[in-house]
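S.K.: Protein chains in written order, with this note's numbering: chain S, 1 to 127; chain C, 1001 to 1127; chain Z, 2001 to 2588; chain B, 3001 to 3588.
Among the clues, some could well be false.
[Said to hold, decoys possible] On the chain C side, residues computed to face chain Z include the following (Cβ under 8 Å):
no. : residue
1   : 1047
2   : 1050
3   : 1053
4   : 1057
[To be verified] Over the 10 Å line for every Cβ pair with chain Z, so calculated as not near, a few chain C residues:
no. : residue
5   : 1010
6   : 1068
7   : 1078
Since the hints were derived computationally from the structure, they do not count as laboratory data. Quantities reported herein were computed from a predicted structural model and do not represent experimental measurements. Ideal placement from N, C-alpha and C gives every residue a C-beta, glycine not left out.
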Amino acid sequence: MNLEKVVFSFFMILALTLNFGFFYGDVVDPDHHNIYELFAVIVINLIATVLKFGDRSQMGAMLLATSLVAVVQLISASVVWTFAVHIQQIGLTPTVMATIVSLSGGAFLANIISVILLMIEAAMLRR
Amino acid sequence: MNLEKVVFSFFMILALTLNFGFFYGDVVDPDHHNIYELFAVIVINLIATVLKFGDRSQMGAMLLATSLVAVVQLISASVVWTFAVHIQQIGLTPTVMATIVSLSGGAFLANIISVILLMIEAAMLRR
Amino acid sequence: MNTVTLIILRRMRTPILLLIGVYSITILGMVLIPGVDDQGNVWHMSFFHAFYFVSYTATTIGFGEIPYALTDAQRLWALITVYSTVIAWFYALGKILGLIQNKAFQNAVATNKFKNDIKAIHQPFYLICGFGETGKAVVNSLTEEHYRTVVVEKDEKNLNQLNLDELKEYVPSIIGDASEPNILELAGIQHKMCQGVIAVTASDETNLKIAITSKLLHPEIKVACRSEFKDVEENMLSFGTDHIVNPFESFADIFSMLIHSPSLYLIYDWLTGAPNTKLSEPIYINKGPWILCGYGRFGCELYKHLKTKNLPTVIIDPDENLKEAFDQKREDSPFIVGTGTDHKTLNKAGVVSAAGIIAGSDNDSNNLSIIMTALEINPNIFVIARQNKWNNHILYSSFDKQNKVEDDPTTCLIMHPREIIARKIRSYFLTPLLDNFLNLARQQDNEWSNITISRLSAIAGESRPHVWSIRIDKLSAPTIEQALRFGRTMKIEHLIQDPGNRQSKLRCVPLLLIRDNKEQLLPNDDIDIEMNDRILFCGTHDVKRNMNWTLNVMRSLNYVMSFEDEPESYIWRLFYRYRNKLERRHNR
Amino acid sequence: MNTVTLIILRRMRTPILLLIGVYSITILGMVLIPGVDDQGNVWHMSFFHAFYFVSYTATTIGFGEIPYALTDAQRLWALITVYSTVIAWFYALGKILGLIQNKAFQNAVATNKFKNDIKAIHQPFYLICGFGETGKAVVNSLTEEHYRTVVVEKDEKNLNQLNLDELKEYVPSIIGDASEPNILELAGIQHKMCQGVIAVTASDETNLKIAITSKLLHPEIKVACRSEFKDVEENMLSFGTDHIVNPFESFADIFSMLIHSPSLYLIYDWLTGAPNTKLSEPIYINKGPWILCGYGRFGCELYKHLKTKNLPTVIIDPDENLKEAFDQKREDSPFIVGTGTDHKTLNKAGVVSAAGIIAGSDNDSNNLSIIMTALEINPNIFVIARQNKWNNHILYSSFDKQNKVEDDPTTCLIMHPREIIARKIRSYFLTPLLDNFLNLARQQDNEWSNITISRLSAIAGESRPHVWSIRIDKLSAPTIEQALRFGRTMKIEHLIQDPGNRQSKLRCVPLLLIRDNKEQLLPNDDIDIEMNDRILFCGTHDVKRNMNWTLNVMRSLNYVMSFEDEPESYIWRLFYRYRNKLERRHNR
């Protein structure tokens, strides 16, 4: 067993599942979307992105791209959150919440693609 | 037929289905999410994880990683539960419940991936 | 994942599964069975509390029945918890203990550690195959100079001594047959820092195999082999082994130096011996015939040299067949059949008037007996003893002490193959120019040797000097390279100027200068240095360090050349140069 | 009851008896000694509570003095309980640990596990005796094709590697001497799923014994033996051993293919090598004399073939007795005494103008040395190296790489007995027709080989093709059997039609057709298929799977034959046939 592979897969799948956890629930209800979860998602996604650095294959390039997409989406979501609560101070209105959740939904999609790529790779590699 | 394979698949699929059972229901309603089910999910997921130890293939590494993700998510959920009930003693408020359920939802996703990988492997192996 | 982790994971699967199962069942039971709290109300343990309870019970800590006294139903379950969890833990621990004692697992751990050790080496290192007597001596002398070494040895017993010895550097070692390529691969023969392979196992066959493996797996590295047979030697040479050490030939070489000139032998001994050890005493050998006891592989080689020097020799050997073969070759030296351990044979050989006797059989007891008998008859005879086993070291050296008179010149030489091979290999790898020097020195006459030894003893003091070589290039002498590029003229005397003190010279002797493949013995101080010169020096360790200042720091070089102290920092230098320029203009 | 449980019960009797005794006495004491409850009443512990108390005390958990604080009398008894039970437990645990580490017990456990493993096999499996180098290669190639195997090996060290290797199937293994019938019985030689026994231990004697045992215990199974000596071989044949592999003869056979036609050798190599590995490069051999180093058993066999082909040969061997024997036989080839590792001997043998050199001694170092020296003198020489030990694999392959020029034809062949035997055995058990094919191919001329190899390379692509055979009978080709029974005419071209696409053909070549013991090499596509025909195909793995559709599904067969798509479901089929009938009537 390859420890590196385990760690790599672990972070990519954790990024996906945590992202799902944050995304899941009523779109406009702030109770359903925990800020700690968002924080964890961002951190894990960043780690997953960094782990993908330096893979030269075509697959590696695509994996990196999807991760970057996810990170961009998530950071946008957190920026929206910060803006609404701290700068505009309008609080988590339904509009704001919908934006945040849909952004995280996009990241979720990107993470799904990542994991599918990973699964394809695993399936191709076994003889 | 390989008994080992049967046991292995049994625990992985049981982990998925039990997880679904706990996850299914209204996000914020504690009545829809049985604590015994959560306990069972954790135990079965732990067993499934240990069963995956020691497989050298790429597929084995990914399976182990997904299981670890599920375990991490589920243990987080149970820690949140313990915290809310025993330490903060705020009870199962909608926020807490949403967190627990979404964490278990993440684990559910990881388990789905596990089972898909298992299916891919089975499909590839047949001669 | 490495093998060790894999083995642990695979072996621990059952116990961990058992623990998970037992824990989950007992926790569930504790949660389900109703208890009664202190007010008499029915009370259920939460999962959290049940986990707490089972945890302190399973580990036999036993905080007690908390938070409320248990009911009898709960106690019954607690009993089940006690026995099941304690047994499960015990089983898991037993498994781990069994695993640790497992031979295959221990091997995997050791191999893993060795691999990591090799990976962690970032300095140049040498791979030594065979940790017998010679291997030990080689490792000792290399680590003494702070070179890293890696040891491959077949016999676990020999390796165990390695860990007990105090060496200057950590030496990773592995038990394995060095003739197997995968062992050598494991030992880092393909490591980019591997500088050389030294094959000194007891078997010529294995050494040959190591040489082939090295040349195939890592063609650039140097390979030195020990070999005792001519045909294997030729085989080794046929695919480019860099250096082959035959103990008997090396031995004979040294002997030829000794009979050529005792001072030459002293030069050899001082320069190749381990630095900082005590200097050996000068030697005096009478004129006269020699007696050679033992005409085996060793004796043959020595006899050749005696004949070349026209020294009359009497041969003593117990083997009559050898005598016949010898007589057939029409050699004119007398051949006496006998061991040489008794008065009769020795007297017949004329020990009373002999200059020296060589005890060269392959039996240490006989050799000692020959020497003692010979010295009894003729206390002034010069004795050369062949020591076969390192363990007999104490005997030979105690004998040496007994016969030593204070302030008298040495009259006894003990030659041990282990020591000779280790010296050869050290000088080959660490100071390759030394071989060239000794070869040239052998062609000089006795007087040259006497003069040289007196020069050396002037700088050496009490202990053996260091020998080192420098090469004038950008890497090892950047300052000189720069100076030569700018057209400055440098002489050897500048190198041996003390960069710390303008009045004194460093206590060292330039032994050899190699320029364009031409060798110059003991070059004069006023010779100009050119690019790519290689110079061999001999001096104390401090001197070597001081010379490095000149070679590496421009300010020191300027100091030794101009006797002036140019400042190092940029601003000051500008100012200094400007002032110099002014001065020069002024002088013009 | 099996042995393991029996041993445990027997050994654990005393400690368990002791535990029962101590427990019962202390529990009884706790019940009898009166206590005082929190109201000051006299109170007696119930048996349940006493057991609870003793249990948590004995296991050192210690929940405390519950339910009421103990009196001093009770505490005195508690003290006795503490020491007696804890000691009893300690004794029991010690016994168990001792038992676990007991060698005999471990063996019993291993044997038990092995028995269960064998019982649990429900697929066809092969029994491999001897897990040396050959055994490993055989197991590898069989598990690679997902066949189950069972291993019997004498040496524990060899077996330990088995667990670490990555194999595609789980391989049960046992330590034991395969020449003992009860070991073979244990390993399932009488198991109804046992398909064959492969005896590849190092000793011919043992292999013979295995062959006899197999034929006696399970006469139906196939037995393949490795043998190095002619007389043992004859003995084996007399017992009806199905297949005997002599590494030297096999080796020589392959060599004869090579000198007969390099393309023929390539065909052999492509078809017998492990599928999906990289294709070997074409070979080019110059015209000219050969040099044969080493005239042992191996050299003799090769020499015969060289003589048959009338190739001038120079023999080099260090053994002078061999030369005499050789000269007495009045062979006209020159015989040079020497090892061939040095320039002199090789030059004398005319290496400069030789077409090829065979390094065939039984010493790997010498072989490598011969090759390196020969290539140094004549870089264009074709080299055949005999590799004796698998461990030296790295050396030979690194040597191969060093001498390989990109895109140049191979100039070096390394022959390893392990590999050759494994190939022989695999083709014997898995594709028995391949042997027939190769035998026929050997009788064809060079041009035939060249044409065949170009056909093969067209379908193979980058990696070695799969080889499989089909038999036209009810079991393995039900559709064709049915069609033939109904009188339809089938041709080979129908078999190699792609059942997924009417336009294209499958990328495969029919190598051999066997009908009524008559063999037809490379049958044409338009040959009619008859019942019980056996056909050998060669193609990629996908092709094999696609062909199975035609062989097993009637609809696919109809499709490839009629280029029409007959529906599979009953109703649709009826309708379809009815329409066809109408059409036919209409056409008439």
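S.K.: Each of the hints needs a verdict: does it hold here or not?
M.R.: Outcome of the hint check:
The interface hint given for residue 1047(C) holds, since its Cβ lies 6 Å from the closest Cβ of chain Z, which is under the 8 Å cut-off. Because the closest C-beta pair between residue 1050(C) and chain Z is about 5 Å apart, less than 8 Å, the hint holds. Annotation: residue 1053(C) was flagged as interfacial toward chain Z, and the flag holds, the nearest CB pair being 4 Å apart, inside 8 Å. Evaluation of the residue 1057(C) hint against chain Z yields a violated restraint, the C-beta minimum of about 12 Å exceeding 8 Å.
For residue 1010(C), the requirement that its beta carbon stay farther than 10 Å from each beta carbon of chain Z is met, with the minimum near 13 Å. Every Cβ of chain Z is farther than 10 Å from the Cβ of residue 1068(C); the closest lies at roughly 13 Å, confirming the non-interface assignment. Some Cβ of chain Z comes within 10 Å of the Cβ of residue 1078(C); the nearest lies about 8 Å off, and the non-interface call is violated.
Of the numbered hints listed earlier, those contradicted by the structure are 4, 7.
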